Amino acid sequence: MKKAISAQNTKMYLENPNAAPVATGKVSSASKSQPCYLTFDDASKLKNGAPLYLTGTGWASIDNQEWVLQDLDPDAKTGALYNSDTSKETTDFSTLAMYTVNAFADVCAQSYSINQNPATSIDTTTLCDDEKTSLVGFRDPGTLTFDFFIDPTDPDYLALLDAYDDGEERMFEIIYRNGAVRTLPVIVQSINETGGVDQAVHGAATLKITGTPVLTQPKAEPTAAYGLSVGVTPASGDSPLHVTMNLTEQNGAAAKFAITWGDGSAVETLIATKTTTHVYDTAGTYTSSVVATVGTKAQPAAEGNPVSVNNPSGG
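Numbering of the sequence shown is given in our numbering, commencing with residue 1 and proceeding in unit increments.
Warning: the hint list may mix true and false statements.
Taking lysine-lysine and the DSS-like style, the derived pairs with C-alpha atoms no more than 27 Å apart in a straight line are [to be verified]:
{"hint": "1", "residue 1": "Lys3", "residue 2": "Lys26"}
{"hint": "2", "residue 1": "Lys26", "residue 2": "Lys77"}
{"hint": "3", "residue 1": "Lys274", "residue 2": "Lys297"}
{"hint": "4", "residue 1": "Lys26", "residue 2": "Lys88"}
{"hint": "5", "residue 1": "Lys274", "residue 2": "Lys47"}
{"hint": "6", "residue 1": "Lys11", "residue 2": "Lys32"}
{"hint": "7", "residue 1": "Lys77", "residue 2": "Lys45"}
{"hint": "8", "residue 1": "Lys32", "residue 2": "Lys77"}
{"hint": "9", "residue 1": "Lys32", "residue 2": "Lys219"}
Quick caveat, the hints were computed from the structure, so don't treat them as lab data.
All values derive from a computational prediction rather than experimental measurement.
All chains, full assembly: derive it from the sequences and hints.
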């Protein structure tokens with residue numbers, strides 16, 4: 001594990017159910033599967049890693065619960081609910097199904113730490129045993145702590161205080177600079193405040209992690225397909241016609257090119273060059289084609305422009 005990313009530009013947000021939701025909408029259909037895939041009427045305000053609260057689905061396995069959205073396809077308007085299982089649902093999906101994405105308060109932390117505690121060790125040793133024996137107990141999901149600067153008039157700070165006062169579970173999002181999202185269910189346990197001469201007012205918060213964190217990977221950007229353009233000049237003339245082929249690549253570089261000139265001559269192979277010449281000796285219309293090998297994979301053949309070869313004048 002040598003790869004690293006900078007913590008700079010990491011964004012952190014605490015769910016704020018007391019504010020107006022950032023998105024609501026209709027769920028038009030859902031799959032009976034594990035995980036469950038939803039189809040939305042509008043997915044423009046959704047994102048991978050967002051917690052969705054579902055109502056009116058008619059399915060007890062997902063209704064009135066919050067789920068982390070993954071595998072979002074904005075074009076198809078579909079997405080999966082992490083760790084869901086609707087495969088045993090027997091009723092039809094309700095036409096009244098809706099989703100809600102609550103607002104989030106911007107934590108804007110100075111630093112943070114996720115502390116996951118080891119599982120409890122249960123001593124099961126008896127006098128009959130020759131050595132110590134034990135069982136592994138439950139894991140403690142641990143705590144999330146972060147430091148921040150305080151402005152007592154900041155609405156996001158007031159939302160943090162509200163979360164501490166009501167003690168209700170909320171979702172916490174950590175959005176890394178590479179687009180990965182860690183979503184954690186938390187309860188705000190404590191908020192501390194310090195200040196001094198020549199110091200900004202400083203705060204520290206401890207949040208109890210109440211369930212399994214969900215890590216959502218960034219959606220891979222589609223890789224542009226390799227392209228090859230074949231130009232043959234001149235496009236017409238008398239035989240014998242000397243032509244030049246120029247190859248232009250897009251989104252990659254081929255290791256070699258296999259050229260079929262279309263006149264029955266042997267296939268020509270080009271390596272480390274994108275220009276070659278050929279002579280058409282007989283009158284006719286010829287279309288060349290080129291197969292590029294990118295890495296170890298042969299690409300679909302790219303055709304050149306047709307070349308018309310005429311008999312010499314008076315011939």
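Here's how the hints hold up against the structure:
1. Lys3 - Lys26: 41 Å, violated
2. Lys26 - Lys77: 11 Å, holds
3. Lys274 - Lys297: Holds. Lysine 274 to lysine 297 sits at ~18 Å (cutoff 27 Å).
4. Lys26 - Lys88: Status holds; Cα separation ~23 Å.
5. Lys274 - Lys47: 44 Å, violated
6. Lys11 - Lys32: 34 Å, violated
7. Lys77 - Lys45: Holds - the C-alpha atoms of lysine 45 and lysine 77 are around 11 Å apart, at most 27 Å.
8. Lys32 - Lys77: 17 Å, holds
9. Lys32 - Lys219: 24 Å, holds
Of the hints listed earlier, those the structure fails to meet are numbers 1, 5 and 6, in rising order.
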